[in-house]
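*Asks:* Chains A and B, in that order, are what the protein sequence lines are. Residues in the first sequence are numbered consecutively from 1, following my numbering. Residues in the second sequence are numbered consecutively from 1, following my numbering.
Worth flagging that the hints you see were computed from the coordinates, not collected in a lab. Here the structure is a predicted model, which means the values were calculated and not measured. Just so it is clear, CB atoms sit at the ideal spot from N, CA and C, and this is done for glycine as well. Do not rely on the hints blindly, as some may be mistaken.
Here are the simulated DSSO-like cross-link-like pairs (lysine-lysine), alpha carbons at most 30 Å apart as the crow flies [said to hold, decoys possible]: (1) B/Lys14 with A/Lys59; (2) A/Lys69 with A/Lys107; (3) A/Lys42 with B/Lys14; (4) A/Lys59 with A/Lys69; (5) A/Lys63 with A/Lys79; (6) B/Lys71 with B/Lys57; (7) A/Lys79 with A/Lys57; (8) B/Lys9 with A/Lys42; (9) B/Lys57 with A/Lys69; (10) B/Lys9 with B/Lys71; (11) A/Lys63 with A/Lys107; (12) A/Lys107 with B/Lys57; (13) A/Lys42 with B/Lys57; (14) A/Lys42 with A/Lys63; (15) A/Lys79 with A/Lys59; (16) A/Lys79 with A/Lys107; (17) A/Lys59 with A/Lys42.
So the derived list for chain B, only partly shown, Cβ under 7 Å to chain A, looks like this [said to hold, decoys possible]: (18) Pro8; (19) Phe10; (20) Pro39; (21) Ala50; (22) Gly53; (23) Ala97; (24) Phe106.
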Amino acid sequence: EDQVTQSPEALRLQEGESSSLNCSYTVSGLRGLFWYRQDPGKGPEFLFTLYSAGEEKEKERLKATLTKKESFLHITAPKPEDSATYLCAVGTSGTYKYIFGTGTRLKVLA
Amino acid sequence: NAGVTQTPKFQVLKTGQSMTLQCAQDMNHNSMYWYRQDPGMGLRLIYYSASEGTTDKGEVPNGYNVSRLNKREFSLRLESAAPSQTSVYFCASSDNAPGAGTEAFFGQGTRLTVV
């Protein structure tokens, strides 16, 4: 069965303390791995799509990387405004379902 | 450019009442989706529409019906609401299928409480 697992469930960082969030997946026929940011009371906001192992994408303090089994979202020198839940999802060949992980709740303290 | 717009934002229903959640996108996307989000469960697909004129069941379709009214609009109907349908509902759209590696864009959600 296709599955996406995110860890940790929750993470508290001091402002400026870099860290990484993990998204591991077991799927057949990965066609894309997607990262989203979700603020409380809002819908998920698209961040990145990764397609193949070794690919990296960056946006401000965020960098997403992909291997054959997992993806990492690296947060460099985070600020309080980076506090949110980060979701990853995969798209697999032949399906119309995005498979989501349950997310990592990130809190950055000033 | 509004993206994906959902109405209403909040709703309280009594058990057995019916209602329709509305969704519209202005990105000319082919595919549209309805998800529900519950604590600890992640986002679960209720129904999707791969293209105008087609709809299919997702993981948790029981108790729901959908209509793809045109390319822009995709509505979700609860015929007889139950407390188990208390959730946050998200509509999303994408240019092509997830299997084509296309990202989805989400609305702001409808927070539904069934008492």
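*Asks:* Checking against the hints above, which ones are violated?
*Replies:* When the structure is compared with the hints, numbers 1, 12, 18, 19, 20, 22 turn out to be violated.
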